[in-house]
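> So the protein sequences, as listed, match chains S and W. The numbering used here applies: residue 1 is where the first sequence begins, and numbers increase by one. The numbering used here applies: residue 1 is where the second sequence begins, and numbers increase by one.
Because the hints were derived from the structure by calculation, they are not lab data. Among these hints, one or two may not hold up.
In silico lysine-lysine, DSSO-like type, Cα no more than 30 Å apart, as pairs [stated by the list, open to error]:
| # | chain 1 | residue 1 | chain 2 | residue 2 |
| --- | --- | --- | --- | --- |
| 1 | W | Lys312 | S | Lys206 |
| 2 | S | Lys208 | W | Lys312 |
| 3 | W | Lys292 | W | Lys312 |
| 4 | W | Lys117 | W | Lys2 |
| 5 | W | Lys253 | W | Lys312 |
| 6 | S | Lys269 | S | Lys313 |
| 7 | S | Lys208 | W | Lys292 |
| 8 | W | Lys292 | S | Lys206 |
| 9 | S | Lys279 | S | Lys313 |
| 10 | S | Lys178 | S | Lys206 |
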Amino acid sequence: MEAFLGIDVGSVSTNLAVLDGQGRLLARQYLRTAGRPIAAVQEGMRALEAELGGAVAIAGVGTTGSARHLTGLLVGADVIKNEITAHAVAALHVEPGVRTVLEIGGQDSKIIILRDGMVIDFAMNTVCAAGTGSFLDQQAARLGVPIQEFGGLALAARHPVRIAGRCTVFAESDMIHKQQLGHSLEDIVAGLCEALVRNYLNNVGKGKEILPPVLFQGGVAANRGLVEAFARHLALPVTVPPHHDVMGAIGAALLARDLRRPGAPTAFKGWRVKDLEFKTTSFECQGCPNLCEVVQFRQEGRVLARWGSRCGKWEADSSGI
Amino acid sequence: MKVSFPRMGNSHCAFRWLLEALGHQVIVPPEISTRTLDLGVRYAPEFACMPFKVVMGTYLEVAEQGAELLITSGGVGPCRAGYYWVLHQQILEEQGYPTRIVAFDPPDCGWRDFWHKLAFVYRSGGVSLRRCLWALQVAWAKLKALDDLEARSLQVRAREVQRGATTRALRQAVATVDAAGSLPEVAEALAHGLRLLDGVDQDDRRECLRVGLTGEIYALLEPVASLSTQEILGHLGAEVERSMYVSRFAGRKGFGPPHAEVVRASRPYLGLECVGGHGVETVGMTVLWARKGFDGVVQVAPFGCTPEIVAKSILPRVSQEYGIPVMSLFFDEQTGPAGVYTRLEAFVDLLYARRRARRGEESRNGSLSRH
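Same shape as in the complex, but just chain S (with noise of 0.2 Å):
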């Protein structure tokens, strides 16, 4: 059978999903990407590889994420779309009448505005990081808590503290200042909810006009207390497709589907990408005071292609980077 493979290495997590001509998710991954996305995408392709065996011929590649030239490279990749157009295109496909996909990832939020089944309008957190799941885990593993168990906590919550939500060094602090005034840890969890919801709607929903339906994804969308919470804020349902956290390796197989080039084979270099050897290593270019930090890719001990300089000089093969 035909079939189409997403992949969106993010910050914090790397996730693939395999779907049918159809769109219909056959198989997918959750993964950490623990600061190595090469390793975190090999894993995944060896887990998919079992999963689905045979049974299935990649006919086209999608990536996606802040990896996602690295990793178009890596195993050959037919799209290469940014995060944003990715998670619009999955929650058109599980809902083609969404008007508002809220998205919290490992290190930015985005809030993306649909109307008639195009995106006309989005934002991205810009300055600050307040509010993205690298916070709550980090949060979470300060109070002893696991991830997933987190955002119940807040669900008990009976009178959640206000938090200061803006910074997340501030946050931290007055949450501790709150649990050392003899606070519950639910009304913190509960309160910390609150917080990120108020920042998110202050910062990157600032100016938008929410309407639903509304769709919550990525990762943080787990967290039923941030779920309540926004509900609670927009006074509107909030709804969690079933696969809020793979949504962007959904559309990075979506958009491998319907942009390939009519009659061309893939650019996908097959299941033996996990065998394969990929080192990236770097140099400082002493060619000017920019002093741009080189990096290059091999595949096997050969160079694929080479980024990072400011002028241009070093990027001899990069195509599409």
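Position chain W against the provided structure of chain S, taking the given hints into account.
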């Protein structure tokens, strides 16, 4: 005297030539690099905007090389940049440099002051007023030629077949203008440069967007200050029209819409003639571009820029009433290039999808590019 000035795009070619013609020894400000920014950030107040820091870095770099005189523009109105040179001067003194800054305020704010400063510059170079006037004429022609070339490159880049070809052609064209030493030579260099740009191999079948680029003046004039937003837009397939150039700032007519027209266009949204910097122009240009049927507008400004924040808060209304997408990007020394690229790419995707939809074509993502 050893003279230097802030760096803004390619304008240094004209300024170098002018000051040399006035008998000075010119230290050409180096290209803005990581080192420039590091130096500027180290000595500037933290909450000064990025242009302050970049210019501070440049001043320190040229002061190291022995610059004795720095020439810059002042400014009037609510934007604090008009006062930057005073603080720059103080920081240079604190660092032990004897460098002096002369800042030219717009002549209509005080002809006497302008004249005194001009007289100081040409007399200290040991040339006559006559030669000074001639040199100003040629330098003005150079400035205009440099802007003409850049404006053309912003159109050509969208269709270039080989990525980077336009940037290379522009560099060559600028070098020709740089070498010109008289009005006829400048005219010839301009014609040659435009031919070079038009000679770039172009894909005529590519469907290009028309995007207006507006915002704060330094972020527009020095591409590095917006992490090359104008080039990225070109690579993504957008023909870019920019609201500001050095020559336009200096009063050039017929290069972009007349100032009065821009102000008039902003009137329904802003009751003021001036909100500082070019906030009024940002609003007015967006309206004018929308009326001309542009696909979208990108606003660029340094983080914390008050005039542009005023404009930014008005733009959503303009965007809604005219149905033109607008994206604002604010930059400081912490801004990462990856985030800027991601936003611009998503914005361009949005513009292509709209264009398709307006033509009534079935979209199913088909209008997007593969990379």
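> None of the hints should be skipped; say for each whether it holds.
Outcome of the hint check:
1. W/Lys312 / S/Lys206: Distance ~12 Å between W/Lys312 and S/Lys206 Cα, so the pair holds.
2. S/Lys208 / W/Lys312: holds (13 Å)
3. W/Lys292 / W/Lys312: Distance ~21 Å between W/Lys292 and W/Lys312 Cα, so the pair holds.
4. W/Lys117 / W/Lys2: holds (16 Å)
5. W/Lys253 / W/Lys312: This hinted pair holds, its Cα atoms lying about 27 Å apart.
6. S/Lys269 / S/Lys313: With Cα atoms ~28 Å apart, S/Lys269 and S/Lys313 stay inside 30 Å; holds.
7. S/Lys208 / W/Lys292: Since the Cα atoms of S/Lys208 and W/Lys292 sit roughly 25 Å apart, the hinted pair holds (cutoff 30 Å).
8. W/Lys292 / S/Lys206: Measuring from Cα to Cα gives roughly 28 Å; hence the hint holds.
9. S/Lys279 / S/Lys313: holds (21 Å)
10. S/Lys178 / S/Lys206: holds (28 Å)
Checked against the numbered hints listed earlier, the structure breaks none of them; every hint is satisfied.
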